[in-house]
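Colleague: Let's have the full structure, built from the sequences with the hints guiding it.
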Amino acid sequence: MSFWEKGYLATAGAVLFAGCVYAYLIWQRSLAAGALVAPDAVSFVTYVIVIVVLSALAFILFASRAATNPESADDVVDGYDERDKLIGHMANAKAHHVTSFGLYMALLAFIVHGSGNILFYTALGALAIGEIAMCLLRVYFYNRAI
Amino acid sequence: MTFQEKSAWVMILALIVSGAFYALSVYGAAAALETIPPPNGIGMGVAVVIIIAIAIFGHAVAALGNPTEANSPEDERARVIVWRAGNLSGALLGVFSILLIMAYAVVQSGHLLFHALIASLVISQIAEYVLTIWFYRRGV
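Note that the protein sequences, when read in sequence, are chains A and B. The numbers in my numbering rise by one with no breaks, and the one at position 71 of the first sequence is 248. The numbers in my numbering rise by one with no breaks, and the one at position 71 of the second sequence is 74.
Derived by calculation from the structure, the hints in this document are not laboratory data. One thing to keep in mind: the hints can contain errors.
Taking lysine-lysine and the BS3-like style, the derived pairs with C-alpha atoms no more than 30 Å apart in a straight line are [said to hold, decoys possible]:
no., chain 1, residue 1, chain 2, residue 2
1, A, K183, B, K9
2, B, K9, A, K262
3, A, K183, A, K271
4, A, K262, A, K183
Beta-carbon label-pair distances, calculated as ranges [said to hold, decoys possible]:
no., chain 1, residue 1, chain 2, residue 2, range
5, B, F24, A, A215, 29 to 35 Å
6, B, L27, A, W204, 36 to 42 Å
7, B, R140, A, A212, 23 to 29 Å
Glycine is no exception: its CB is placed at the ideal position from the N, C-alpha and C atoms.
Modeller: So, in structure tokens, the structure goes:
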């Protein structure tokens, strides 16, 4: 598995982990309050920072290990080549459709329930699922001919 | 002009016309209520019908000029252009969506978030078609 594949798998894991923790936190607060709680800036920003930090740490760890391995050092030194760019464009374009579909479902949920909090959390979920889809699609395209 | 470029122009026109119609309907409701109005299901339905009608008519006219090209599969260059345009418009949608949900955490208006998300979806889709035409003209 190449450096980029490991990094994007770790990013998908970070988004999933942080999303599950954030969802659990909101669920517990909502149970205590008896209704879906409104989002607060502190926990949302913390959620975003956790994803960024975990993903960055994963890339740094994999890059440092790859750079010290003679067989895979070129992956890191050569950086982003033409194939990586093409795979990135393909994966991001297809993940865009996943995100858009999720956002349309979030808008439908708002029309049905009329709750801005539901719209917020479902839209956030759509963005997270789109990001996970992008990472998994990149790994998929690295392993098959394009 | 290739069929894909003509198709992109048709979709830009469809999105602008339907987006303007929906924006005017929301503006009219906001002016009447003096607050941000709830989602207008009928307005959204009409906007979708407008998109479908313009897309069908426009693509039929575009294909009549060169039916062979319209029926031919995408070549390698067209695929890369579509991917790159989709990549950049997806990033734009992501940035808009993150900013809007952060704004909701402060403003707490579900109706505003709803209409703003609709706008960001339409704008990102228009951007995708504009980028498609741009890349066809100047190369990827």
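Colleague: List, from low to high, the hint numbers that the structure doesn't satisfy.
Modeller: 1 and 7
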